[in-house]
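**Student:** Residue numbers (the numbering used here), protein chains in the order written: chain A, 1 to 114; chain B, 115 to 227.
In short, the hints are calculated from the structure, not lab data.
C-beta: ideal position from N, C-alpha, C; glycine also.
You may find that some hints are simply not true.
Stated by the list, open to error - The following label-pair restraints were derived from C-beta to C-beta distances: (1) B:Asp172 - A:Leu114: 40 to 50 Å; (2) B:Ser154 - A:Thr5: 36 to 46 Å; (3) A:Arg51 - B:Ser134: 35 to 45 Å; (4) A:Phe69 - B:Lys181: 32 to 42 Å; (5) A:Pro70 - B:Pro128: 14 to 24 Å; (6) A:Asn79 - B:Ser166: 22 to 32 Å; (7) B:Glu129 - A:Glu54: 23 to 33 Å.
Claimed, not checked - Covered stretches of chain B, going by a simulated chain A footprint (3 or more residues, C-beta under 8 Å): (8) 159-172; (9) 217-224.
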Amino acid sequence: ETGVTQSPTHLIKTRGQQVTLRCSSQSGHNTVSWYQQALGQGPQFIFQYYREEENGRGNFPPRFSGLQFPNYSSELNVNALELDDSALYLCASSLVASGRDTQYFGPGTRLTVL
Amino acid sequence: QKEVEQNSGPLSVPEGAIASLNCTYSDRGSQSFFWYRQYSGKSPELIMFIYSNGDKEDGRFTAQLNKASQYVSLLIRDSQPSDSATYLCAGKNSGGSNYKLTFGKGTLLTVNP
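Here chain A stands alone, though its shape is the one from the complex:
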């Protein structure tokens, strides 16, 4: 167990809806990164939050947005859901944002868009 928690575990939405996924980082960690993993693929970086500020973003449209709270927990929001958004959404926490920090993943949220 990494100490990183995510909720909900599973979620089913319909196209066009909005969804919020939540992540609690490991104790002492101030950096949270979000990844999307489609079936049969490696995780793809969505964005990272460091001390409540966005610290970089991958190649995802603006309808993917996020927040980090003072306790370093984080939310991922996706608006106007599309069928291709169906994936495992992974949150990873790390001690600091650096080139050598180790990211520890939570259990993930499985999102299905119908």
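Chain A is already provided as a structure; the job is to place chain B on it using the hints.
**Tutor:** What follows is chain B alone, placed relative to chain A:
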């Protein structure tokens, strides 16, 4: 596009054998590399990380890094059926403020009893 490529697999080895998993990367700015294990339906679990050229051993696992060849590998000695999983190689760039992991697609390993 900065990429990480893994041997596509699937890789099948008998119990007790050595499993060799390979990874190449295109971004010369990558300074650290990580191997994660992912069981079906689960999230990635960190196995090892390596920053310096050469070998790094941890129990039955050895990670190897060759920055000149832009090559990373993971050897699993005395493979066990419980090692059957998808292995993900990831690199992290040293530049800018965005310390994201760039993953390969993964290699599915099956260890046969």
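**Student:** Against this structure, judge whether each hint is valid.
**Tutor:** Going down the list of hints, with the structure as the test:
{"no.": "1", "hint": "B:Asp172 - A:Leu114: 40 to 50 Å", "in the structure": "holds (43 Å)"}
{"no.": "2", "hint": "B:Ser154 - A:Thr5: 36 to 46 Å", "in the structure": "violated (21 Å)"}
{"no.": "3", "hint": "A:Arg51 - B:Ser134: 35 to 45 Å", "in the structure": "holds (40 Å)"}
{"no.": "4", "hint": "A:Phe69 - B:Lys181: 32 to 42 Å", "in the structure": "holds (38 Å)"}
{"no.": "5", "hint": "A:Pro70 - B:Pro128: 14 to 24 Å", "in the structure": "violated (52 Å)"}
{"no.": "6", "hint": "A:Asn79 - B:Ser166: 22 to 32 Å", "in the structure": "violated (43 Å)"}
{"no.": "7", "hint": "B:Glu129 - A:Glu54: 23 to 33 Å", "in the structure": "violated (46 Å)"}
{"no.": "8", "hint": "159-172", "in the structure": "holds (count 4)"}
{"no.": "9", "hint": "217-224", "in the structure": "holds (count 4)"}
Checked against the numbered hints given earlier, the structure breaks hints 2, 5, 6 and 7 and satisfies all the rest.
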